[in-house]
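Number of protein chains: 2
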Amino acid sequence: MGLYDNLRKIDPYVPGEQPQNKDVIKLNTNENPYPPSSAVLDVKERYNTDNLKLYPDPDIKKLSDELAIYFNGKYNTNLTKENVFVGVGSDDVLSVAFQTFFNSGKAILFPDVTYSFYDVWADLYKIDYDVVPLREGFLIDPEDYNRDCGGVVIANPNAPTTVALGLDAIEKILDDNSEVVVIVDEAYVDFGGESAIKLLEKHENLVVVQTYSKSRSMAGARIGYALGGYRLIKAMEDVKFSINSYTLSNLQIAMGVASLRDEDYFKKSVEKIISTRDRAKEKFKELGFNCPDSKTNFLFVTHESIPAVEIFEYLKTKNIFVRYFRKPATIANYLRVTIGTDEQMDALFKALEEYIDKK
Amino acid sequence: MGLYDNLRKIDPYVPGEQPQNKDVIKLNTNENPYPPSSAVLDVKERYNTDNLKLYPDPDIKKLSDELAIYFNGKYNTNLTKENVFVGVGSDDVLSVAFQTFFNSGKAILFPDVTYSFYDVWADLYKIDYDVVPLREGFLIDPEDYNRDCGGVVIANPNAPTTVALGLDAIEKILDDNSEVVVIVDEAYVDFGGESAIKLLEKHENLVVVQTYSKSRSMAGARIGYALGGYRLIKAMEDVKFSINSYTLSNLQIAMGVASLRDEDYFKKSVEKIISTRDRAKEKFKELGFNCPDSKTNFLFVTHESIPAVEIFEYLKTKNIFVRYFRKPATIANYLRVTIGTDEQMDALFKALEEYIDKK
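Here the protein sequences line up with chains A and B, keeping their order. When we follow numbering that gives the first Met the number 0, the leftmost residue of the first sequence carries the number 0, and every step to the right adds one. When we follow numbering that gives the first Met the number 0, the leftmost residue of the second sequence carries the number 0, and every step to the right adds one.
For the record, the hints were derived by calculation from the structure and aren't laboratory data. Be careful, since some hints might not be right.
Each pair may be met inside one copy or between any two copies, as identical chains are not told apart.
In silico SDA-like links for lysine to any residue, alpha-carbon gap of 25 Å or less [what the hints assert, rightly or not]:
id, residue 1, residue 2
1, K284, P141
2, K105, R7
3, K125, D263
4, K125, T316
5, K125, K271
6, K266, D175
7, K80, A350
8, K171, V131
9, K60, L6
10, K358, G228
11, K349, D41
12, K60, L286
13, K280, R260
14, K60, H302
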């Protein structure tokens, strides 16, 4: 055996391109086009870098506390910091959740078209999985998840399809799988979905995962979190403390708290994106595109006559980046287009009009 | 089977206490008592929080590049960014390294007294391991690592013993284990050890891990890195991109670059700690303590007549925190004392004098 024979071999997740050219219109990684709350800037201004000499709080107590208080106010729940796990973006949180919850040896279930990181984590942690085909119109049918399994992962709203599932359907999945953990990944829920947080007290098998990267305009701050019963959260903490005790800096923690305290700004920037999304949807229709009803900060569009990959390549030549997934086949003729500012969307539609006119 | 039967059960690493009381003299987690370079403050001042809306660079190119340049200047190596892996502190880096390199099914080797996170990662990733007893005086004998194994992990200088191994001994371990990866964990090397970085070109089985948490006064910034051959580093990158694509914020990356560029400040603050350490060692001897020759920013002390645990508990009542490890038995009568400022050490010795006088 040689030196390189025992390296872990795995096909990693491939994130969207991060072009360094500043002139690019970047509609390919579902970032928020608006800056975070000015309260985040204030926190940065006040932060004393001398304190970097000390380790941060490994328990991230201040942010866990604040998240519990925030959601208690929003959903009338009784969460405490023991119900909150915070990590380096929701990818870190989901990675720890997969390691913590899916050890039965049975296959876990998730849709065939969904966040393409789920099968990467399952492969990395040697978790068996079955993908469940979406129904017509990219719909998730809860009945398809009513079978013996090691756990369930549902992105709601789903990505890249943009389609949201009602809480009645989520509740049926929870009831049908009461002996295993059901993760509801709500990365995009603030753009029109309905959060399962209000189901937490009734369903102890539920873990809800959210992120600061989309609706809070803080993809660069790397903050995600899970909410669940304290026994599930404690098990996640034990796994986290077996990987890396100190994950978030105190500056990240303070920025996270500041964002939560500026609800007005949060609501306004979400509303702006929703209104741009509705306008963009109409415009796409006028140009011969179709898309499902989006509850996210992006649209999943397909053109009636022009192949998606051609539009994708053309837009790149115009310095406009959108996301194209070559597989699975059911979505190979779709483009995922992040909702940018009105100006960015206007530039996109101008380019598309020119292109389609020439066809 | 019930909901809680398939949770991952693991005994996590327990970090040193992080008392929230500001009056505490904190000599228990090997933090640096001096602030980071003022260049780090400058970076923070200039950082535009509006950019938090975007994801950071997943490849952390700027910092990888700068680290390669820095070490090429220091050791006359030919490193490029392809030889550098950056993570959320060296714990994150080591965790990824264990997952990436130790898949042979054979037991890996590390000393019985060393960083107590190694066996936690091995347990988490189901890696078999044998601990190798230290020799008299807490010495590592390279001959003890000359056996069929799945890999080797050596902290150099070792913790909590403070003892450094010469590069001749490291080279023997590398030669005897040329078909497996040897990780040399150099968290404390800047305080008097000799880095194995200069051995990288000759030994393709070597991976050197370092951190910003100790000598660069940036425990709170969460930056660690590994240096190695590009095939080993690429394999680590593949594992990282299967866990979390975006780990470090652009602010952390920029702070890491800034620290590297202020070599004067780095040297001066390391020298100050070494000089305080030498003075503290003499003072401990006067008070009836013994300790090995330390090449780290802490001392590992044992008293000739008073049990370590009693001194530990007494110091706590004086708001002075040091670290005490109950096991293994060979170190149960030792205390690990971080080197603080001269003022902090004076306060420690005043408290110890009072205590020992009363005995």
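Hints and how they fare:
1. Proximity of K284 and P141 under a CA criterion of 25 Å is satisfied in neither setting, with 30 Å inside one chain copy and 71 Å between copies.
2. Both within a single protomer and between protomers do K105 and R7 lie at most 25 Å apart by alpha-carbon distance, with minima of 23 Å and 14 Å respectively.
3. Taking the closest pair of Cα atoms, K125 and D263 never come within 25 Å of each other, the shortest separation being 44 Å inside a single copy and 48 Å across copies.
4. Taking the shortest Cα distances, K125 and T316 never come within 25 Å of each other, neither inside one copy (40 Å) nor across copies (48 Å).
5. When the C-alpha separation of K125 and K271 is checked against a cutoff of 25 Å, the pair qualifies neither within a copy, at 42 Å, nor between copies, at 48 Å.
6. In this assembly of identical chains, K266 and D175 lie within 25 Å of each other by CA distance neither inside one copy nor across copies; the values are 35 Å within and 62 Å between.
7. Taking the shortest alpha-carbon separations for K80 and A350, neither the intra-copy value of 48 Å nor the inter-copy value of 37 Å comes in at or below 25 Å.
8. In the homo-oligomer, the alpha carbons of K171 and V131 lie at most 25 Å apart inside one protomer (16 Å), although the nearest pairing across protomers, at 53 Å, exceeds that limit.
9. Proximity of K60 and L6 under a CA criterion of 25 Å is satisfied inter-copy only: 23 Å between copies versus 37 Å inside one chain copy.
10. In the homo-oligomer, the alpha carbons of K358 and G228 never lie at most 25 Å apart, since the shortest distance is 56 Å inside one protomer and 50 Å across protomers.
11. For the homomeric pair K349 and D41, neither the shortest alpha-carbon distance inside one copy (38 Å) nor that between copies (41 Å) is at most 25 Å.
12. Taking the closest pair of Cα atoms, K60 and L286 never come within 25 Å of each other, the shortest separation being 50 Å inside a single copy and 40 Å across copies.
13. Taking the shortest Cα distances, K280 and R260 never come within 25 Å of each other, neither inside one copy (32 Å) nor across copies (49 Å).
14. Taking CA atoms no more than 25 Å apart as the test, K60 paired with H302 passes in neither setting, with 48 Å inside one copy and 37 Å between copies.
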